[in-house]
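In the order they appear, the protein sequences are chains Z and A.
For the first sequence, the residue numbers in our numbering are 196 to 435.
For the second sequence, the residue numbers in our numbering are 196 to 435.
These are calculated hints, taken from the structure and not from any lab test.
Careful: at least some of the hints might be erroneous.
Treat identical chains as interchangeable: a pair holds within one or across any two.
[As the list claims (entries may be wrong)] Straight line, CA to CA, 27 Å or less: simulated BS3-like cross-link-like pairs of lysine-lysine: (1) Lys379 <-> Lys422; (2) Lys348 <-> Lys402; (3) Lys348 <-> Lys379; (4) Lys353 <-> Lys422.
There are 2 protein chains.
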Amino acid sequence: MNQALTRPDLSDYYTGQARHLIAIDCIIFGFDEGELKLLAIRRQIEPNRGNWSLIGGFINENESLSDATGRIIRNLTGLEHIYVSQLYAHGEVNRDPVARVLSVSYYALIKCQAYNQQLIDAAGARWFSISDLPQLIFDHPEMVAMALAELRKEVRVKPIGFELLPPKFTLPQLQCVYEAIYQKTLDKRNFRKNILQMDLLERLDEKDKTNSRKGAWFYRFNTDRYKQLSSNGFYFYVSV
Amino acid sequence: MNQALTRPDLSDYYTGQARHLIAIDCIIFGFDEGELKLLAIRRQIEPNRGNWSLIGGFINENESLSDATGRIIRNLTGLEHIYVSQLYAHGEVNRDPVARVLSVSYYALIKCQAYNQQLIDAAGARWFSISDLPQLIFDHPEMVAMALAELRKEVRVKPIGFELLPPKFTLPQLQCVYEAIYQKTLDKRNFRKNILQMDLLERLDEKDKTNSRKGAWFYRFNTDRYKQLSSNGFYFYVSV
């Protein structure tokens, strides 16, 4: 007997299993005026239309999670090619008052200066200081708290802090990023020593003189060198 | 006009949005005979029935992701109250050959000795050395690789390696856990110094004499002390 004939059609296997709505919510962080900021938007659908919300939307039938995330960020803010990392799948049954909706959150880091005009053009998007957030809908405050905790964890062991800065930056600016993320003051000498001894920054032949006559050297993060060192067992580590 | 009357019923808001099957897959790690091991099971449903698979299942209508994970692990292995951490939401459209199924993966760490009989009793569950895995279905090999990368990252900055050991253990045993996870040899003196100077281990008044006449002191991880130090800005860190 031909075994294939006795097997049901593949598509029959999972019938009877529950199906669920899946949303995506994005915690978009930026660094500006010495502060860590969060991008929020006025919610465009009911319920809670007009309230402050993370950038989000539903995923479609034939769309991967990462494609949906790219589409949602692009459509609501105009942003493309930015650092995005999956944070968590939120699966509490009553997290959305309308229906059972699971949400996968992503956090993104952007260089504010490079994108501010685009974001102002995007309807309703606005930056808030992380220390002065508006009331956000649903479990979005919890998502922001998780993203901030994850950012604090990651920024110590991965060079993602540079995503918040322009391609060329000074050591005081870099320290300021870490201080804004941790909301504490770091010792300048220890920070410089820690960063420079990893040998990942390339000093440029140019100084930023906006804050002092002596000025501060501009540096660039050397991505190739980081990849090379990492493949040889090196671990990035910033002591905070 | 009463605004409430003009608003549609809450449950109408999200109609028209796609609904999706959501599975859970668990990467269960154990440490035994000096090796990091993975628990796999013979898949109990079609397609690929009988093939090696991670422990998994679908989530139900009124069940949170974490409740579903607990249910699935308990039903398939008898394990309860173990260390479980969410790993990733896998959303590629074609990751399951039968239907569009998103999967949320979790990794778990267990003390093998405490549970081996239970696992032998659970139909079809079996330990494989991480360096000699069987062919796993779908994208499960990728999930295992991600879980291992995450474990390597986490075990350096969080005291989760202790989850793989009995409550009392020797420093050589602890070093062996790190060596098994990283699959490399660590310097004994540096490792001891690194671990002991964090002041998180409590030396017991008892020695393990199975490996030498001199013996090795037993230690216990001091959870309260770790919480106390962490709340004061201490960061766990093991250099590998």
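Okay, the hints, checked on the actual structure:
1. Lys379 <-> Lys422: Answer is between; shortest inter-copy Cα gap is 20 Å, intra-copy 30 Å.
2. Lys348 <-> Lys402: neither (31 Å within a copy, 36 Å between copies)
3. Lys348 <-> Lys379: both (15 Å within a copy, 25 Å between copies)
4. Lys353 <-> Lys422: Both: 11 Å inside a copy, 24 Å across copies.
In this structure, only the earlier hint numbered 2 is contradicted, and the remaining ones agree with it.
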